[in-house]
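Student: So the protein lines, in turn, are chains A and B. So the first sequence is numbered by the working numbering: it starts at 1 and just counts up by one. So the second sequence is numbered by the working numbering: it starts at 1001 and just counts up by one.
Any given hint could be a false lead.
With a straight-line Cα cutoff of 30 angstroms, these simulated DSS-like cross-link-like pairs (lysine-lysine) come out [said to hold, decoys possible]: (1) 1010/B to 168/A; (2) 1010/B to 115/A; (3) 142/A to 168/A; (4) 1011/B to 168/A; (5) 1011/B to 156/A; (6) 142/A to 1011/B; (7) 1011/B to 115/A; (8) 156/A to 168/A; (9) 156/A to 142/A; (10) 115/A to 168/A; (11) 115/A to 156/A.
Only part of the chain A face toward chain B is listed, based on derived beta-carbon distances under 7 angstroms [to be verified]: (12) 32; (13) 33; (14) 53; (15) 113; (16) 116; (17) 135; (18) 136; (19) 137; (20) 163.
These aren't lab readings, by the way, just hints derived from the structure by calculation. We treat Cβ as the ideally placed atom computed from N, Cα and C, and that holds for glycine.
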Amino acid sequence: MRNGSSDVLNEFRQGDVAAFETLFRLHQRAVYGWILRIVRNPATAEELTVESFWRIHCARARFQPSRGFEAWARCIATRAALDWLRTRRSEIELPAELPAPAVADPAVTGEIRRKTALAFQRLPPRLRIAAVLAVVEEQPHKEVAEALGISVSAVKLRVFRALHLLRKDLQQQGITP
Amino acid sequence: MNENDELRMKKLLQQALPPVDGDSEPARDLWPAVLRRLDARPAAPPWFDWALLAGLAAFAAFFPASIPVFFYYL
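This is chain A alone, in the form it adopts within the complex (with noise of 0.2 angstroms):
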């Protein structure tokens, strides 16, 4: 995705709406993927592309064209993703039947999947996001670390302890992954 001109990102900063929306025609789909990526709820993921671009033209005067519009708007919609998981934590619900992945693993029971599935919604929410969008989604350490705002390594640790948690959790349950 490219980013927008010099002359459009400097209007955007100073409120012109008309900049706003070119910059937001550029630039939705890209903010909706990354947080339909975390949320994994396309409803939501719509609800969430608003209120990142609510906050983006809230936070205009602070942004610094060096840095790029695409990686600003995706750190803004991480820390909006971040908030509605914090918030709804114990309000999601599996639906009754899981998409099956692509390459099943005949050792993999659908319960095991649900029970796995269900352990990691249990997770802190800051460890889930790293998790969901390093393991499962395999996008890049780099990326993953500049929308969250941390190191890579931090990222690393985050995975690390995500995926510790969640083999705890399984074998409390009489899993042995």
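Please build the complex by placing chain B on the supplied structure of chain A, with the hints as guidance.
Tutor: Leaving out everything else, chain B in the frame of chain A:
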């Protein structure tokens, strides 16, 4: 947890939560919703406006004689 355990956990997690299509588009145009949001919740005054107001109030409290001068220039 050793490297093998970590790898197994990663594979299990990928089986439990298959990746979503991150390249998909929203089902509707979200721009009208963004505009409604901008209209509904105007941005709060920036912090330095509040700091200026607090400074003026403190100045007026310490130097009450400056209040008529302040109103003169308002």
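Student: Hint by hint, note whether the structure agrees.
Tutor: Tested hints:
Among the hinted pairs, residue 1010/B with residue 168/A is consistent with the structure: their alpha-carbon atoms are about 14 angstroms apart, no more than 30 angstroms. A distance of roughly 15 angstroms separates the Cα atoms of residue 1010/B and residue 115/A; the hinted pair therefore holds under the 30 angstroms criterion. For the hint linking residue 142/A to residue 168/A, the alpha-carbon distance of about 28 angstroms falls within 30 angstroms, and the restraint holds. Restraint check for residue 1011/B and residue 168/A: satisfied, since their Cα atoms lie roughly 16 angstroms apart, inside the 30 angstroms limit.
A C-alpha spacing of about 16 angstroms is found between residue 1011/B and residue 156/A, which places the hinted pair at or below 30 angstroms, so the restraint holds. Straight-line distance between C-alpha atoms of residue 142/A and residue 1011/B comes to about 21 angstroms, which keeps the hinted pair within the 30 angstroms bound. Taking the CA atoms of residue 1011/B and residue 115/A, the gap is near 15 angstroms; set against the 30 angstroms cutoff, the hint holds. Between residue 156/A and residue 168/A, the direct Cα distance comes to roughly 18 angstroms. Compliance with the 30 angstroms bound is thereby established for this hinted pair.
Under the criterion of a C-alpha separation no larger than 30 angstroms, the hint pairing residue 156/A with residue 142/A is consistent with the structure, at around 10 angstroms. Between residue 115/A and residue 168/A the CA atoms are separated by roughly 13 angstroms; this keeps the pair inside 30 angstroms, and the hint holds. Distance check on the hinted pair: residue 115/A and residue 156/A sit about 24 angstroms apart at the alpha-carbon level, within 30 angstroms; holds. Interface hint status for residue 32/A: upheld, as the beta-carbon distance to the closest one in chain B is roughly 5 angstroms, under 7 angstroms.
The interface hint given for residue 33/A holds, since its Cβ lies 4 angstroms from the closest Cβ of chain B, which is under the 7 angstroms cut-off. Below 7 angstroms, beta-carbon pairs count as interface contacts, and residue 53/A has one with chain B at about 5 angstroms; its hint therefore holds. Given the 7 angstroms rule on beta carbons, the hint for residue 113/A holds: about 4 angstroms separates it from the nearest Cβ of chain B. The criterion of a C-beta within 7 angstroms of any C-beta in chain B is met by residue 116/A, whose closest approach is roughly 4 angstroms, and the hint holds.
Look at residue 135/A: its Cβ gets to within about 5 angstroms of chain B, closer than 7 angstroms, so that hint holds up. A hinted interface residue such as residue 136/A counts as satisfied when its beta carbon comes closer than 7 angstroms to some beta carbon of chain B; here the least separation is about 5 angstroms, so the hint holds. Of the supplied interface hints, the one on residue 137/A holds, with its beta-carbon coming within about 5 angstroms of a beta-carbon of chain B, less than 7 angstroms. About 4 angstroms separates the beta-carbon of residue 163/A from the nearest beta-carbon of chain B, less than 7 angstroms, and the hint is met.
Violated hints are absent here; each numbered hint is respected by the structure.
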